[in-house]
Amino acid sequence: MAERMSYEVPPTRTEPTAAEAMEKLIESLHQHGFLRLATDMVNANTQIAKVLVDGLNQPGSLNAMQNLTLLFKALATIPPEDFNPLLLAVTAAAKGMRENAHAPAEKSAPGIRGIIKMLNDEELWQGVKPVMAGMRAFGREINKPAEKPISRYSGKPSHA
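Numbering that gives the first Met the number 0 numbers the first residue of the sequence shown as 0 and each following residue consecutively.
If you are wondering where the hints come from, they were derived from the structure by calculation, not from laboratory data.
Treat each hint with caution, since some may be false.
Stated by the list, open to error - List of simulated lysine-lysine pairs, DSS-like, C-alpha gap at most 27 Å:
(1) K72 - K23
(2) K147 - K94
(3) K106 - K116
(4) K143 - K23
(5) K116 - K128
(6) K128 - K143
(7) K94 - K106
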């Protein structure tokens, strides 16, 4: 008597195979003209590269790239949990300034009494404290002697 065979039915595929997905992607790229664009760019790569290099090799472009790099390096040193409140505060300040710019103008200056009232405004002083601390930090940094950015971020001396 023959031994019983064990056979499990493979599950029905619900998603395409990698080859089918690739074929669909290539067909979609072809239908929308991306393959033609990519082919033209590859065929014209020397001309495109020359235009790019010539454009990027200008003093203004080099300065812009270096400044963007410095901006990214500076932003990388700020943790998001510290940067988010700063962005929210700047947004609120901009809205407050914009709203106040369209407010009806007061007929006269606040005078001595108005200034004394402002001196007793706790909310105003709580808002001024971070601005003053920021101005102190700004003054410390702006008064430091200039150095090459690479020296500041890497700690290594510049040879230029």
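Results of checking the hints against the structure:
{"no.": "1", "hint": "K72 - K23", "result": "violated (41 Å)"}
{"no.": "2", "hint": "K147 - K94", "result": "violated (37 Å)"}
{"no.": "3", "hint": "K106 - K116", "result": "holds (18 Å)"}
{"no.": "4", "hint": "K143 - K23", "result": "violated (59 Å)"}
{"no.": "5", "hint": "K116 - K128", "result": "holds (18 Å)"}
{"no.": "6", "hint": "K128 - K143", "result": "holds (23 Å)"}
{"no.": "7", "hint": "K94 - K106", "result": "holds (23 Å)"}
Hint compliance for this structure: hints 1, 2, 4 are not met, and every other hint is.
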